[in-house]
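J.: Here is how the chains run, residue by residue.
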Amino acid sequence: MDKETQRAHHDMGGVAKFMCETVDIEPHGLDDFDREVDALRQLLSAKQLMSVDELRRGIEAIPEGEYHRLSYYRRWMRSIADTLLRRGVITEAELRAALEGA
Amino acid sequence: MFVAGETVRVKDSWPEAAGPVHIRTPHYVRGVVGEVVRFLGDYPNPEDLAFARPAERRGLYHVRFRRGALWPEGRAEDDVLIEIFEHWLERP
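As you go down the protein sequences, you meet chains F and C in turn. The opening position of the first sequence corresponds to residue 1 in this note's numbering, with each subsequent residue numbered one higher. The opening position of the second sequence corresponds to residue 1001 in this note's numbering, with each subsequent residue numbered one higher.
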């Protein structure tokens, strides 16, 4: 089995298919959602509820199809929610109630 | 412990096949021989930090790979510099 087959889907450095695909190198501005997610992550880190390493692990755990559909900060948000649920910082009921109230 | 100038090989190890992991060693350098450029210090192992487990401090190194050793494209004199933790390195 070659390395490209064995790799995890997020481990994309040096993958041959990107030689044939246009890579988006345009600068992207931050919107309010992006800033809010970034602020949330910093607060969670300051309160020692979640580390940046846990954020990365959570992003890497997003299933491949969804990973490519989500924007950069939506991946962060997905990872933050998964990690806080896993750690028991929030419950599924609390998350659902907050989303329905939004 | 490795010293600058030493030849090392990245372990041809694939823990991602066995379940959820967080690995900072890119797939394309596994099993490839490179050269230690410098020791960067000891840092808590991110493979444990990622799961909020107690993390031992591990040595981190800059390792240089000849681009030809990684991919057929590019000029032979090009190289790639990667940060790799000690537990991923072995003496060939």
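Don't read these hints as lab results, they were simulated from the structure. Heads up, a few of these hints could be off.
Pulled a few chain F residues facing chain C out of the computed Cβ check, cut under 8 Å [what the hints assert, rightly or not]: (1) Asp11; (2) Asp53; (3) Gly65.
Even for Gly, the Cβ is constructed at its ideal location relative to N, Cα and C.
J.: Look at each hint and say if it fits the structure.
T.: Against the structure, the hints:
no. : hint  : result
1   : Asp11 : holds, 5 Å
2   : Asp53 : holds, 4 Å
3   : Gly65 : violated, 18 Å
The structure fails to meet hint 3 from the earlier list, while all remaining hints are met.
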